[in-house]
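Peer 1: Spelled out, the chains give:
Number of protein chains: 4
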Amino acid sequence: MSQFRVLIDANDEKGLVHKVSTVFYNLNLNILSNSEFVDKESNKFFMRSLVDGDVDKRALSSAIKEVLPLDTTVKVIEPKKKNIIIMATKELHALGDILIRHEAGELEANILAVISNYDKLESLVNKFDIPYVTVSHEGVDRETHEQKIIDSINSYGDFDYIVLAKYMRILTPQFVETYEDKIINIHHSFLPAFIGANPYKQAYERGVKIIGATAHFVNNNLDEGPIIAQEVIHVDHAYSWKDMQKSGKDVEKVVLSRALKLALEDRIFVYENKTVIF
Amino acid sequence: MSQFRVLIDANDEKGLVHKVSTVFYNLNLNILSNSEFVDKESNKFFMRSLVDGDVDKRALSSAIKEVLPLDTTVKVIEPKKKNIIIMATKELHALGDILIRHEAGELEANILAVISNYDKLESLVNKFDIPYVTVSHEGVDRETHEQKIIDSINSYGDFDYIVLAKYMRILTPQFVETYEDKIINIHHSFLPAFIGANPYKQAYERGVKIIGATAHFVNNNLDEGPIIAQEVIHVDHAYSWKDMQKSGKDVEKVVLSRALKLALEDRIFVYENKTVIF
Amino acid sequence: MSQFRVLIDANDEKGLVHKVSTVFYNLNLNILSNSEFVDKESNKFFMRSLVDGDVDKRALSSAIKEVLPLDTTVKVIEPKKKNIIIMATKELHALGDILIRHEAGELEANILAVISNYDKLESLVNKFDIPYVTVSHEGVDRETHEQKIIDSINSYGDFDYIVLAKYMRILTPQFVETYEDKIINIHHSFLPAFIGANPYKQAYERGVKIIGATAHFVNNNLDEGPIIAQEVIHVDHAYSWKDMQKSGKDVEKVVLSRALKLALEDRIFVYENKTVIF
Amino acid sequence: MSQFRVLIDANDEKGLVHKVSTVFYNLNLNILSNSEFVDKESNKFFMRSLVDGDVDKRALSSAIKEVLPLDTTVKVIEPKKKNIIIMATKELHALGDILIRHEAGELEANILAVISNYDKLESLVNKFDIPYVTVSHEGVDRETHEQKIIDSINSYGDFDYIVLAKYMRILTPQFVETYEDKIINIHHSFLPAFIGANPYKQAYERGVKIIGATAHFVNNNLDEGPIIAQEVIHVDHAYSWKDMQKSGKDVEKVVLSRALKLALEDRIFVYENKTVIF
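Residue numbers (UniProt numbering), protein chains in the order written: chain A, 1 to 278; chain B, 1 to 278; chain C, 1 to 278; chain D, 1 to 278.
Think of the hints as simulated: they come from the structure by calculation, not from any bench.
Keep in mind it's a predicted model, so treat the numbers as computed, not measured.
One should not assume that every hint holds.
Note that identical chains are pooled: a pair holds if it fits in a single copy or bridges any two copies.
Okay, derived cross-link-like pairs now, SDA-like style, lysine to any residue, Cα gap no bigger than 20 Å in a straight line [unchecked claim]:
no.	residue 1	residue 2
1	Lys-182	Lys-261
2	Lys-127	Ala-104
3	Lys-14	Tyr-25
4	Lys-44	Asn-30
5	Lys-261	Gln-245
6	Lys-90	Phe-128
7	Lys-127	His-93
8	Lys-57	Asp-266
9	Lys-75	Asp-158
10	Lys-127	Tyr-25
11	Lys-127	His-102
12	Lys-81	His-137
13	Lys-14	Met-244
14	Lys-14	Asn-30
15	Lys-40	Asp-236
16	Lys-127	Asn-219
Excised from the complex, chain A in its bound form (with noise of 0.2 Å):
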């Protein structure tokens, strides 16, 4: 007995439900849970079911992918750890939090490696020994910098996601095609206000009272990729901006670790820019 993550993206016709649990009555699987949802703007269908039964993964791929419109794709993923890699820069709580929540056995997933443009959180991520590399963005430019952090990304195998746990450079759009739908990144408010350098402090002057933080896939409009999942925190008069800052701290670890745990749990759809969480 197998349990498989079975995720349908299709264009909307009649039958489409219809046809896959068809499939699944036949291969005599069992639904454990299923979602599904159309965009009727575009026209979209999402499905996502996780079922067990004794089959195998290939022959129910193509078992689904036969009953369904050319064009759709079809994704049966094994419940398996994933492979990640975590970039960071010098901050330390998006980082920890989710090295504790590995080492509490919290996330589906093997963290092969930290890579930083600093040297400063190896201390903390040896403790887990979790292999930590500094590649230094000094004294180069921004091509051949990146281009030792993909032949570092490349050392280590197959992955299956980057993490941006506060990584603090912008990365070319070269990088990012390179892998779409692939890096989750953090950013330090809440999507699309105050997009840029230090918006914690402007947010304190224009008054707000509220901060959040966003976590999204990033594409090439800067800090403007697909959503994930978005918090806030009321704040007031007597919070300076560091004391923002500091406060968007946990916000930004929450975010951070709850998108991280939807991917590794491929709950996650996207398209158009936006995303469908299931």
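Put chains B, C and D on the given structure of chain A with help from the hints.
Peer 2: Just chains B, C and D now, kept in the frame of chain A:
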């Protein structure tokens, strides 16, 4: 072309989704949205589908029942305004919120009448051209009082829900049984805390930092029926119990209106003193 | 025995609390509550005290001013109902919430009138025996329209606040300047996000997971006045922009009523496009 | 120039603020922030001031005590790292969050040691070069076990707080009395709900839509000490009790860290089984 809400409550077994979706497919129905849940502990299956197509309501209901196990509950509901009776005592906030939402067209409901044991809210209710019935409990025993209320309820014909918008009298087991799963109450606490009289005073004396409210169906366990919706707000030491009560009113009205909306849209299944909400 | 709210807004210097509390002590006043805040960046001091005792309001005000620097603002206010004018367009939810709270006695306010550019809300407002004035903007230029509104406002005598309960016309700089720090608006977004037309549609297209609302004083930066209160709710992919708009209404009414309550209780200081709220 | 936190806990009477602020003024101290609260029911006055200036700590304390009633409690505290002892059992999440915050420099604390009745968390704690003491409860009676723990605590010298980061043994009344108002616990429920064993299972069976956690000082009413902080999250029917437990961990760690931070910053007053938090 008609739209239907299909609600299915069955013992779980393999193939239920397949069978139902095949019925939809064969009847040429379009699935607009679809939610399912299996409670593994009790082996119960719940499904709510929104479909449209050219089909007779009874024919659809029969077709579904035909393919499902005998003890399955199937409801096919055409979206339309439901009839509700509101019961209140003296407090205005929860009733007022419902009246304003009704006036704004936010509720799929006709308010047949407001029944109260006091006349205090009469002038408010009359502003909205809704019948107001005062059934005083003074000088009569509980059974007689309730019988008068039941007579009043019956005089308005068929109804779908009784909404207790801060009705502060305890209902008899007979009353509750008569209208099982039809009475929605707002409890001035987040269950299961501070059951009984003046929960805000109890909360104050306990020094809580959070207060809340719970909307639930009424059954014969006092304040213990199936929970539909809950919400909280933060308080601090500067709140007297009357301040908590005032702030609590805002939570109460929000939660009751949310629960009512869920009921009116046929989104609630009740089982084992719990709810499944799609 | 009278109760007073004392509001002090001064440039910070040593001894301010000492000086003010000495005045209270010498006048034999009891401090019921006391809040202070120093903004170190702008070197501003804010204090709000609730005191009671047997003293004349003017005498108290003079006594405080005497001991404080010349450019200090001192307000001594007797708690009593303030006069408010509400402006609305066609939407009922925010206005309705204020009307119900007013009816329930929750607001320290007399509603002098509701002024709208449409007659749509007239029947609702009239239910509550509150004057409703339709000042149509059709066929007249902006200045003429506003002058008619100003004439209408003036006809009701002194007032403390104008509440824009979803008034959907842009006010001229002249209007805004005339009533500086007296106009409270509810913005259908959590500032500084999605400024401009149809923020819900923008939010939907951006795929946000949170929507919110902002109550603020109106100044001559469109949607950019000092923020009083903000709140958010979570949404997901299943929300169309109209669903977001519907859910947004609930946030809007909560936030506007919260801001109005703060203003009526003299809890807000405005400075540098920000607010201090005690 | 030194900075001091001044905490005053007195029976309320006229002139307290005046008297204290006069002391500050005469000593030429600058008030950086100031909070007061009067509990009218119990006639208690609480004040926390942050001041700086050129004064001796003892001189400041004496000067304040001199002008206040005899039974007043006055604390003058220089901000510096406090010493804490953490007690845990087997769960990693709450302890891990504190360790990471400590590592990030977010806590004004030295962690003297982690004491546990199991060795399960030893390797984690040792990563951070913090002493870990296993005091097994097996084969010894409760009193003997606790005496060993007390011996271990004593071996680390003076400490300010004991943090129970999911320490799952009931403490004896003697232990609790010895460290009155010094033990901070995280309770896996939002009090006063579901007291006792497996609250998540109880919550699941009750069908709640909200779960939460409570940080409180421990006294001799089981789970009933003065509440410091509470937080909740929303759940739904799809959560098994194990899912609730997992989600609950996130709330637990957030609330415990928040409470610890408040304690370390001397922001908490305890009285009548409640807290005042500035």
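Peer 1: Could you run down the list of hints and mark each one as holding or not?
Peer 2: Taking the hints in turn, this is what the structure says about them:
{"no.": "1", "hint": "Lys-182 - Lys-261", "in the structure": "within (14 Å within a copy, 36 Å between copies)"}
{"no.": "2", "hint": "Lys-127 - Ala-104", "in the structure": "both (14 Å within a copy, 14 Å between copies)"}
{"no.": "3", "hint": "Lys-14 - Tyr-25", "in the structure": "both (19 Å within a copy, 7 Å between copies)"}
{"no.": "4", "hint": "Lys-44 - Asn-30", "in the structure": "between (26 Å within a copy, 14 Å between copies)"}
{"no.": "5", "hint": "Lys-261 - Gln-245", "in the structure": "between (24 Å within a copy, 16 Å between copies)"}
{"no.": "6", "hint": "Lys-90 - Phe-128", "in the structure": "both (17 Å within a copy, 18 Å between copies)"}
{"no.": "7", "hint": "Lys-127 - His-93", "in the structure": "both (15 Å within a copy, 17 Å between copies)"}
{"no.": "8", "hint": "Lys-57 - Asp-266", "in the structure": "within (16 Å within a copy, 38 Å between copies)"}
{"no.": "9", "hint": "Lys-75 - Asp-158", "in the structure": "within (18 Å within a copy, 50 Å between copies)"}
{"no.": "10", "hint": "Lys-127 - Tyr-25", "in the structure": "neither (49 Å within a copy, 51 Å between copies)"}
{"no.": "11", "hint": "Lys-127 - His-102", "in the structure": "both (13 Å within a copy, 15 Å between copies)"}
{"no.": "12", "hint": "Lys-81 - His-137", "in the structure": "neither (31 Å within a copy, 36 Å between copies)"}
{"no.": "13", "hint": "Lys-14 - Met-244", "in the structure": "neither (50 Å within a copy, 27 Å between copies)"}
{"no.": "14", "hint": "Lys-14 - Asn-30", "in the structure": "between (23 Å within a copy, 6 Å between copies)"}
{"no.": "15", "hint": "Lys-40 - Asp-236", "in the structure": "between (40 Å within a copy, 15 Å between copies)"}
{"no.": "16", "hint": "Lys-127 - Asn-219", "in the structure": "neither (33 Å within a copy, 37 Å between copies)"}
In summary, the numbered hints that this structure violates are 10, 12, 13, 16.
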